[in-house]
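Student: Residue strings, one per chain:
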Amino acid sequence: MAPQDTSTTMAEPTSLAPGFAGIAEDWSSDQRTFKNVPWGKAMMWIFLLSDTFIFSSFLVGYMKVRLSTTTPWPNPSEVFALSFGGEPIPPILIAIMTFILITSSGTMVLAVNYGYRKDKNKTALLLLITALFGASFVGMQAFEWTKLIVDEGVRPWANPMGASQFGSVFFMITGFHGFHVSVGVLFLILVARKVWRGDYDTEKRGFFTSRKGNYEIVETMGLYWHFVDLVWVFIFAFFYLW
Amino acid sequence: MAHAQGQQHPLSVYIWVWALLFVLSTFSYLVDFYHVEGYLRWTLILLFMFLKAGFIIAVFMHIKWERLALSFAILGPPTVLLVLIAILTIEGDYTFLSRGVFFGTGS
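Going down the list, the protein sequences come from chains R and B.
Residue numbering for the first sequence is 0 to 241, as defined by numbering that gives the first Met the number 0.
Residue numbering for the second sequence is 0 to 106, as defined by numbering that gives the first Met the number 0.
Treat the hints as calculated values from the structure; they're not laboratory data.
Please note that the accuracy of each hint is not assured.
Claimed, not checked - Calculated cross-link-like contacts (lysine-lysine; reagent style DSSO-like; alpha-carbon spacing at most 30 Å):
| # | chain 1 | residue 1 | chain 2 | residue 2 |
| --- | --- | --- | --- | --- |
| 1 | R | K193 | R | K119 |
| 2 | B | K63 | R | K63 |
| 3 | R | K34 | R | K117 |
| 4 | B | K63 | R | K34 |
Source: prediction; values computed, not measured.
For reference, chain B alone in the conformation it holds in the complex (with noise of 0.2 Å):
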């Protein structure tokens, strides 16, 4: 197993993910810099956010390799901040209102 001298792998797989980013930052940027708007515009954004990401995690950082006692304790964790999420979209729109109501359009 490769864990015994350390995380060992061949290049390629670096190489590879290490462009892939590029490619993937690019259309992010593309996605700004053409102006796609609405919904196609966040769905591309977060598309390419979370799989730039997923490539970071599991190859850069080598949790693809590791075992899974270590993946899920780094990973599960964060599932919570869906809830603060969510707590928040609704406080944020209730905050909105609220400040319709009392202070009209301005501030």
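Chain R extracted, bound-state conformation (with noise of 0.2 Å):
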């Protein structure tokens, strides 16, 4: 293994205890205490992790809106139902959005191989075939937003289907993962450029932070894009098939 920057990769001790025993060691230990585990990487699942007390908050709030209106909420197998010239069929397009992420998943893990065996062509198109499938899902739910908005007169305060909560939800909730996944795709293409660039082969110096960067920095977005992916798993659940 080539010599790295320590404040990317530091030097581990071989012999790391596993298990149980491992918590207690891991936790009681000087220094650092995710070992094996990049700084960056760390503190990504820290920011995931608050994330995904926000997105539970929006579940958990949509939940009690859900249990408390008398007016009966609408059926989102209705209400996000396209029919191609003939009879409605149920959220096909909320089915293809999911598809397309998870496909996305995909290719973005497939990344972060590449990635580590120093493929840098191959990381470079892969990040942004992954940033077209994350473009294009954006594409669609804006598609899906005007839908409701100009077609079904779906407001915050009000609509026609039924409880007058079901806009406010639905415009904070998927807005809001959509606002992720548009990050994200910023997020990659920044990274795609990178590795295009061969910044992570040079351990050439970011401008901001001026740290070494290297394949890790792959894994980490991928983090990032895999949590969105996960976060629509529970919106489809929770929201659509309900």
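Hints are included, so try docking the two chains, each in its own frame, into the full complex.
Tutor: Structure below.
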């Protein structure tokens, strides 16, 4: 293994206690709790943990609102149905969006894998494909929002289909998720550019943090992207299928 | 150990999980498509949801291969959400009943 900058990867003792004994040992050790994990990745995990609580608050709030409305909740299976000239098909667009996000998760995981193999071109290409899928997801969401606002008259304070809280919950939850996807797409393009340029091969220092970059950043980026997919799994189940 | 060079695992693991996620998503869509109702619906939807979430976290996010100190730090705290869910379920029922009592069936 080539000598690396200590700010990203530290030499670890080769024998770390496994299992539960390892937990006690890691947490009571000096300097670092999370062994074998670069600091950027640990920080991304901490951020994702806080983000988990934000999305959970939204979803639990939605649960409470839905439990307490006396007017019936609009049936998502009908609201989000699309018809292509004939019978309306139940949330087909949502299903397609789900598949797109899963596909992008798959290309992301491949990008991480090729990154660690130092395959610069494949990594950059896969990152760009992931970004493309992400962008198309946001596009479909924009289409969905337009349809709901313009054609169906859904507003955050009222809608013609039922409980008036439907709009505010829908726009807040999917909006916040869509924002995450959009930020992820920018993040992906940024990392793809750096990979393409070879920054992680030459360990070029970042313009902002001045830290040496390497392919671990692709994995950290991947964590964020998979998290966005993960949140969608819950939104899909609780909002669109419930 | 794989960690010295980051998380490197055979591609086949990822491809399998990837395929599985597609299958599980299709299943949850079919639950809605065929209008499965009642307890069966919730059981199936929650089952597919947790399976998908579990595979994404375990394999795609590499938690399966991380040290337990990190896994527990990540997966432990969200369990307190169960308390929030319990509290707001009670609160939601209470609000529903109050609305029934004070506003009738409207609003």
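Student: Give a verdict on every hint.
Tutor: Comparing the hints with the structure gives:
1. Taken as a hint, the K193 (chain R) and K119 (chain R) pair is honoured in the structure, with Cα atoms around 10 Å apart against an allowance of 30 Å.
2. This hinted pair does not check out: K63 (chain B) and K63 (chain R) have alpha carbons roughly 33 Å apart, beyond 30 Å.
3. Between K34 (chain R) and K117 (chain R), the direct Cα distance comes to roughly 23 Å. Compliance with the 30 Å bound is thereby established for this hinted pair.
4. A hinted pair counts as satisfied when its Cα atoms are at most 30 Å apart, and K63 (chain B) with K34 (chain R) qualifies at roughly 15 Å.
Of the numbered hints stated above, the single one contradicted by the structure is hint 2.
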